[in-house]
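Colleague: Next come the chains, spelled out residue by residue.
Protein chains: 6
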Amino acid sequence: MSAQAPIEYRDADAEIRAVFDDIKRTRQVDEVNNFWKYLAHDPATLKRTWESIKAIMAPGALDARTKEMVYLAVSVTNGCAYCIASHGAAARKAGMSEAMFGELMAVVGMANETNRLANGYRVPVDAAFDR
Amino acid sequence: MSAQAPIEYRDADAEIRAVFDDIKRTRQVDEVNNFWKYLAHDPATLKRTWESIKAIMAPGALDARTKEMVYLAVSVTNGCAYCIASHGAAARKAGMSEAMFGELMAVVGMANETNRLANGYRVPVDAAFDR
Amino acid sequence: MSAQAPIEYRDADAEIRAVFDDIKRTRQVDEVNNFWKYLAHDPATLKRTWESIKAIMAPGALDARTKEMVYLAVSVTNGCAYCIASHGAAARKAGMSEAMFGELMAVVGMANETNRLANGYRVPVDAAFDR
Amino acid sequence: MSAQAPIEYRDADAEIRAVFDDIKRTRQVDEVNNFWKYLAHDPATLKRTWESIKAIMAPGALDARTKEMVYLAVSVTNGCAYCIASHGAAARKAGMSEAMFGELMAVVGMANETNRLANGYRVPVDAAFDR
Amino acid sequence: MSAQAPIEYRDADAEIRAVFDDIKRTRQVDEVNNFWKYLAHDPATLKRTWESIKAIMAPGALDARTKEMVYLAVSVTNGCAYCIASHGAAARKAGMSEAMFGELMAVVGMANETNRLANGYRVPVDAAFDR
Amino acid sequence: MSAQAPIEYRDADAEIRAVFDDIKRTRQVDEVNNFWKYLAHDPATLKRTWESIKAIMAPGALDARTKEMVYLAVSVTNGCAYCIASHGAAARKAGMSEAMFGELMAVVGMANETNRLANGYRVPVDAAFDR
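Residue numbers (my numbering), protein chains in the order written: chain A, 154 to 284; chain B, 154 to 284; chain C, 154 to 284; chain D, 154 to 284; chain E, 154 to 284; chain F, 154 to 284.
Footprint (simulated), chain E over chain D, 3 or more residues, beta carbon under 8 angstroms:
1) 229 to 236
2) 260 to 266
3) 271 to 279
The list that follows gives simulated cross-link-like pairs (lysine-lysine, DSS-like), each with its CA atoms no further than 30 angstroms apart:
4) D:207 <-> A:177
5) D:200 <-> A:207
6) B:207 <-> E:200
7) C:200 <-> C:177
8) E:200 <-> A:246
9) D:200 <-> A:200
One-sided excerpt, in silico: chain E residues whose CB lies under 7 angstroms from chain A:
10) 195
11) 198
12) 232
Bear in mind the hints are in silico, worked out from the structure with no lab data behind them.
As the structure is a prediction and not an experimental result, all values here were calculated from the model.
All residues carry an ideal CB built from backbone N, CA and C; glycine is no exception.
Sequences are here, hints too, so could you generate the full structure?
Modeller: Here is the structure:
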């Protein structure tokens with residue numbers, strides 16, 4: 154079994170199917186996306202990753218849309234093409250408008266710029282921020 | 154004049170003071186933080202960066218608190234110690250509770266993890282995300 | 154001669170061929186992979202990079218398989234698609250099983266997550282680690 | 154309760170103490186390190202992170218020492234000062250000799266270099282790696 | 154209007170066309186490249202980004218070629234495929250020879266390597282550098 | 154011998170002293186900086202790294218000042234505090250004025266910003282750049 158091919162539901166064993174079923178039920182989708190089909194090569198990582206994401210992405214002090222936008226912001230910063238595609242779709246599904254997307258990208262771009270200006274100018278942390 | 158020392162208001166010329174004054178007025182603070190005092194070594198960059206941040210961080214389709222939390226998420230991903238300190242303070246000032254901070258960090262951590270799982274398993278983008 | 158095209162053995166001069174020959178002999182392969190064919194545009198970098206890799210990747214206190222897995226872990230963290238493909242193949246050739254790959258990815262993912270949690274919570278280094 | 158202060162065992166509630174106790178028992182240490190004391194501000198993240206690390210870092214197809222060295226390699230690549238200190242200590246405790254550390258750093262350095270050479274020369278993935 | 158499609162000149166409104174026209178005039182090109190056509194989904198970001206780049210990339214204390222090479226060095230370090238392609242082309246147009254490109258990549262590769270060696274060995278900043 | 158302490162010239166063996174002597178001669182300094190004193194824990198890495206840097210940083214198609222500025226740009230992008238301090242000093246020694254530093258930082262900041270805008274908008278590479 155090669156790590157290079159996705160594991161489809163019809164070829165999956167009971168342990169993997171249980172996770173796929175829970176993803177489909179929780180997200181109300183007909184099929185899991187590629188990420189889970191590849192992760193299924195390691196059932197322990199599949200199960201742990203899904204359970205962590207399920208707990209973390211559930212609405213709490215932050216709503217689901219904000220969480221998906223933060224996920225997208227991190228993925229854009231890291232340049233993960235798959236994650237930008239999948240979490241961009243998820244954020245839109247959770248209600249991110251194109252105006253929100255535009256502002257999100259503007260903040261992400263600016264943060265990446267000023268992170269480097271702070272590094273380059275070797276700016277020391279203000280005492281007020283350490284109190 | 155060394156790039157290693159901050160430029161204080163009392164030592165700044167009119168061009169720099171105009172930016173410092175606008176920062177203090179906009180943010181309703183008595184003093185600008187270190188980032189601006191160091192950036193003042195290059196007045197053109199000081200002015201452009203401030204005007205960009207002022208425009209980008211103003212409430213729009215996204216509220217100010219969400220924008221500061223996204224700024225923090227990017228800074229944490231990049232490991233910029235100064236920016237984590239300053240935008241953590243800014244996000245709290247804009248209303249981020251400790252419960253929100255906890256959930257924000259959980260999302261940032263998980264996104265950084267799954268970004269690498271997607272890289273490592275070489276997951277191709279689902280056709281559904283490219284439509 | 155464009156930097157966009159690989160330099161094939163038949164078109165290479167003696168200096169480049171000497172490096173290609175040493176790669177083929179050392180790795181017991183019939184052809185060098187694309188990385189070397191592109192690097193051949195700068196013979197000095199080609200030679201220095203190959204000699205460094207040859208010395209560094211030889212078994213020593215760490216065995217070849219562990220070294221290839223570390224190389225893969227770094228490449229996954231940086232999101233270098235070419236390097237993930239080539240060092241994934243090299244690690245498997247050096248004996249990395251799919252179970253090892255799964256555990257490697259789990260560690261890489263977790264390290265990328267906790268690196269950000271440590272950043273975000275601004276955790277100071279324990280005195281015990283600085284002794 | 155500020156996110157800026159560690160939560161000590163004596164001030165922790167039962168939920169946090171249960172995690173701290175399991176860390177101390179599993180790692181056979183008298184006190185948990187700062188990472189856990191800060192994460193305790195978010196008990197759900199504390200518990201999930203510890204349980205994930207406990208499962209992932211247990212010896213399996215890869216031994217504990219190799220896993221700690223991979224953790225260190227990722228932390229060095231990301232430049233996480235806290236994680237470099239703590240996982241450097243953990244790797245040494247798990248048997249990493251100074252010779253192993255030297256070779257590990259050489260591989261990490263070289264991988265970071267060639268990741269960028271592959272990016273810069275825009276090297277396409279060899280067909281052989283995609284089979 | 155989807156963020157996934159470029160906005161062509163013929164479909165652009167007056168605000169966007171004004172920016173496109175200024176880019177074409179400044180760079181003496183017949184058509185703007187994809188980056189601007191996608192950014193046009195957010196006219197405010199389009200305008201601000203162009204005006205910042207126009208000011209920053211104009212020859213000053215550093216010439217245009219050096220600036221484009223630095224832009225390329227950053228893009229290679231971050232692994233941004235689009236930016237490597239576009240700023241590689243721009244640097245060549247500004248006079249970067251293949252010999253310069255080769256030396257640039259050698260420096261970028263080495264810097265990425267020694268950045269990690271400095272991290273991994275936890276090297277403290279020399280007093281001489283902080284004066 | 155701990156990896157945490159620098160190796161001073163007086164305590165170094167002949168192999169390490171030979172490298173230290175060459176660094177001092179080449180750079181015309183009285184003492185090597187901390188980076189080399191820590192790397193001396195692994196004499197093979199010390200020697201290889203120095204010889205690579207010596208070859209790469211020598212003036213060629215690019216002058217020494219440009220090379221040091223590129224080194225600084227990469228270090229700022231990666232957030233390596235040690236390298237920012239040491240290569241900032243080296244670039245100034247090689248003739249980088251404060252005006253040049255200001256422009257360099259502006260380019261580095263802008264490149265880091267637009268790298269993420271290109272990622273986030275998922276901009277495809279223009280056909281013209283692939284010719």
